[in-house]
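Q: Residue strings, one per chain:
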Amino acid sequence: MNTLRYYMPRREKYLHIVFWCLLESALWLTLVNWLLPLILKSFDGYALFMDQSLAVRWCVAFLLMAANTLISVIWYNWEENKEDEQRERDTEKLAKEAELFKLRQQLQPHFLFNSLNSINALIGSRPQEARKMIQQLSDFLRGTLKKEEHQWVSLQEELQYLQLYLDIEKVRFANRLSAIIEADEAVQKMKLPALLLQPIVENAIKFGLYDTTGEAIIRIIARSEDNNLVIRVENPFDAETSTTQKGTGFGLGSVQRRLYLLFARADLLATESKENIFVTIVKIPQHE
Amino acid sequence: MSKVILIDDEPLARSIVNEYLQKHPGLEIVAECNDGFEGVKAIQQHEPDLIFLDIQMPKINGFEMLELIDQRPSVIFTTAFDEFAIKAFEAHAIDYLLKPFSQERFDKAIQKWKEQKTTSKKNTEDLLETASQSPSQTQRIVVKNGSKIKIIPVQDVFYLEAADDYVKVHTQEGGFLKNKTMNHFEQTLDQNQFVRSHRSYIVNVQQITRIDPYEKDNHIAILRSGAKVPVSRNGYVKLRSVLGL
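Going line by line, the protein sequences match chains W and U. Residue 282 in the working numbering sits at position 282 of the first sequence, and the numbers go up by one each step. Residue 344 in the working numbering sits at position 56 of the second sequence, and the numbers go up by one each step.
Errors might be hidden in some of the hints.
[What the hints assert, rightly or not] Result set (DSS-like, lysine-lysine): computed pairs, CA atoms no more than 30 Å apart in a straight line:
#1 U:K468 x W:K132
#2 W:K274 x U:K432
#3 U:K432 x W:K206
#4 W:K206 x U:K329
#5 U:K526 x U:K468
#6 U:K402 x U:K375
#7 W:K93 x U:K375
#8 U:K329 x U:K311
#9 U:K466 x U:K432
#10 W:K96 x U:K375
#11 W:K170 x W:K191
#12 W:K283 x W:K191
#13 U:K436 x U:K329
#14 U:K402 x W:K206
#15 U:K410 x U:K291
#16 U:K329 x U:K468
#17 W:K146 x W:K189
#18 U:K432 x U:K516
#19 U:K329 x W:K170
#20 U:K410 x U:K432
#21 U:K456 x U:K436
#22 U:K436 x W:K274
#23 W:K206 x U:K436
#24 U:K396 x U:K468
#25 U:K375 x U:K291
#26 W:K132 x W:K146
#27 U:K438 x U:K456
#28 U:K410 x W:K206
#29 U:K526 x U:K291
#30 W:K274 x U:K438
#31 W:K206 x U:K504
#32 W:K283 x W:K206
#33 U:K438 x W:K170
#34 U:K400 x U:K375
#35 W:K96 x W:K132
#36 W:K206 x U:K466
#37 U:K516 x U:K438
#38 U:K438 x U:K410
#39 W:K206 x W:K147
In case anyone wonders, no lab produced these hints; they're calculated from the structure.
When you get a sec, could you build the whole thing from the sequences and use the hints?
A: Structure, rendered in structure tokens:
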């Protein structure tokens with residue numbers, strides 16, 4: 001883009017400026033012609049000089065005025081342009097930050113670095129297990145990168161992917177974490193948007209493990225109800241001290257938003273808690 | 289022989305520290321803890337010289353655990369990825385290990401600890417003050433009541449009262465002392481929910497049932513629990529603006 005055009009007033013604006021400069025210099029000239037003789041009336045020949053130099057003085061006044069005006073026009077335009085550019089840069093920066101944030105979320109750095117740390121520990125004592133975990137972690141990451149958000153996958157595929165995630169978490173937390181998945185064959189073939197379950201299970205593990213100090217059992221139950229795929233994810237939590245499980249819990253905000261964008265319905269994600277079990281229920285309408 | 293305690297909720301994360309410590313015969317591990325609760329207990333029992341402390345742990349995080357300890361040992365923090373914590377470490381020049389770390393990096397941290405023995409008390413205090421402003425920590429107050437540790441969600445707090453060098457946190461289950469200042473709570477708690485009604489009181493506005501005049505220019509707030517909280521002239525202005533009166 002030619003930024004120079006910002007420094008230039010439009011054509012009609014130029015004429016406008018010239019006209020005003022002419023007018024203002026003429027006004028000045030009239031004023032001077034009236035004032036000076038009053039002050040300097042004692043000098044002989046002054047009146048003659050005044051008359052003869054009229055055109056020259058007008059020219060000088062006009063040039064001065066025009067130069068002055070142009071400088072300020074340019075200065076203001078430049079300032080405006082600078083502001084525009086700043087705004088543009090800010091918008092770009094915001095968009096970039098949002099994208100980076102999303103990428104970072106997809107990568108789950110906390111999970112990734114902790115897994116690498118576990119592998120580091122296993123290499124010394126149990127190299128076979130280390131190797132296995134590297135494999136699982138690679139498959140998991142590949143799955144994250146491969147899938148597109150708008151893609152639909154079978155429940156079977158999504159559960160396999162979840163299993164990788166759960167297996168890695170089990171190595172990290174040893175016997176503190178166990179997971180039970182219930183889904184019969186008919187349900188396995190039902191479809192859901194890719195990577196939809198993972199943040200829900202992640203949320204369940206996070207609260208199951210970080211909110212209690214004992215053993216955490218995560219239960220994932222899939223059923224078919226009125227042509228809907230209904231998935232319940234259960235995790236233990238401490239009703240007394242938990243502050244974040246009230247409402248939908250902040251880990252679930254993005255899931256809610258995605259479901260709304262896909263189905264234009266806000267009633268597909270629900271949570272409930274009974275005693276010390278927190279349940280997240282997600283409903284996915286099936287269409288042919 | 290220096291005593292060491294490892295506090296991390298992942299067994300493998302402790303085992304790698306254990307392995308790296310084999311190279312340092314002067315250091316002996318006296319306890320390994322799964323969470324902050326065990327950590328507090330073990331530190332009181334063993335009085336270690338050095339602890340390795342993870343930040344993200346169940347229930348209470350590493351910072352909150354440290355707040356509960358009166359005689360703090362030297363700390364080497366370990367964390368995988370916690371932008372908030374890392375910023376806090378950098379701000380207060382505190383050494384930390386980013387997981388996964390190498391034996392060399394680990395040895396360096398030990399070396400540094402041996403040379404200065406401990407991060408200055410002031411630095412640790414400042415670190416904890418910064419950490420307590422994190423979004424998760426402003427949602428709850430962790431207190432110690434004898435040997436029991438209590439986590440109080442802020443919405444369960446009735447009011448806070450200044451008590452010498454401490455702040456008394458009043459709840460359904462009674463009052464608990466926390467070694468923080470009134471100013472700290474005034475700044476970190478949500479100002480639409482907690483109002484400094486008096487020099488020595490911060491009140492949870494959701495608990496107020498009515499405000500009565502009381503002596504000259506003063507008022508008194510009556511809470512649902514029946515408790516009465518003094519309201520100064522200044523505090524009354526603040527309360528009215530928060531309650532939209």
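Q: The structure should be examined with respect to each hint, and the outcome stated for every one.
A: To see whether the hints hold, each was checked on the structure:
{"no.": "1", "hint": "U:K468 x W:K132", "result": "violated, 48 Å"}
{"no.": "2", "hint": "W:K274 x U:K432", "result": "holds, 28 Å"}
{"no.": "3", "hint": "U:K432 x W:K206", "result": "holds, 25 Å"}
{"no.": "4", "hint": "W:K206 x U:K329", "result": "holds, 24 Å"}
{"no.": "5", "hint": "U:K526 x U:K468", "result": "holds, 23 Å"}
{"no.": "6", "hint": "U:K402 x U:K375", "result": "holds, 24 Å"}
{"no.": "7", "hint": "W:K93 x U:K375", "result": "holds, 22 Å"}
{"no.": "8", "hint": "U:K329 x U:K311", "result": "holds, 27 Å"}
{"no.": "9", "hint": "U:K466 x U:K432", "result": "holds, 8 Å"}
{"no.": "10", "hint": "W:K96 x U:K375", "result": "holds, 22 Å"}
{"no.": "11", "hint": "W:K170 x W:K191", "result": "holds, 27 Å"}
{"no.": "12", "hint": "W:K283 x W:K191", "result": "holds, 11 Å"}
{"no.": "13", "hint": "U:K436 x U:K329", "result": "holds, 10 Å"}
{"no.": "14", "hint": "U:K402 x W:K206", "result": "violated, 36 Å"}
{"no.": "15", "hint": "U:K410 x U:K291", "result": "holds, 23 Å"}
{"no.": "16", "hint": "U:K329 x U:K468", "result": "holds, 21 Å"}
{"no.": "17", "hint": "W:K146 x W:K189", "result": "holds, 20 Å"}
{"no.": "18", "hint": "U:K432 x U:K516", "result": "holds, 25 Å"}
{"no.": "19", "hint": "U:K329 x W:K170", "result": "holds, 27 Å"}
{"no.": "20", "hint": "U:K410 x U:K432", "result": "holds, 22 Å"}
{"no.": "21", "hint": "U:K456 x U:K436", "result": "holds, 16 Å"}
{"no.": "22", "hint": "U:K436 x W:K274", "result": "holds, 26 Å"}
{"no.": "23", "hint": "W:K206 x U:K436", "result": "holds, 24 Å"}
{"no.": "24", "hint": "U:K396 x U:K468", "result": "violated, 34 Å"}
{"no.": "25", "hint": "U:K375 x U:K291", "result": "holds, 29 Å"}
{"no.": "26", "hint": "W:K132 x W:K146", "result": "holds, 21 Å"}
{"no.": "27", "hint": "U:K438 x U:K456", "result": "holds, 14 Å"}
{"no.": "28", "hint": "U:K410 x W:K206", "result": "violated, 33 Å"}
{"no.": "29", "hint": "U:K526 x U:K291", "result": "violated, 51 Å"}
{"no.": "30", "hint": "W:K274 x U:K438", "result": "holds, 22 Å"}
{"no.": "31", "hint": "W:K206 x U:K504", "result": "violated, 53 Å"}
{"no.": "32", "hint": "W:K283 x W:K206", "result": "holds, 22 Å"}
{"no.": "33", "hint": "U:K438 x W:K170", "result": "holds, 28 Å"}
{"no.": "34", "hint": "U:K400 x U:K375", "result": "holds, 20 Å"}
{"no.": "35", "hint": "W:K96 x W:K132", "result": "violated, 36 Å"}
{"no.": "36", "hint": "W:K206 x U:K466", "result": "holds, 28 Å"}
{"no.": "37", "hint": "U:K516 x U:K438", "result": "holds, 24 Å"}
{"no.": "38", "hint": "U:K438 x U:K410", "result": "holds, 26 Å"}
{"no.": "39", "hint": "W:K206 x W:K147", "result": "holds, 23 Å"}
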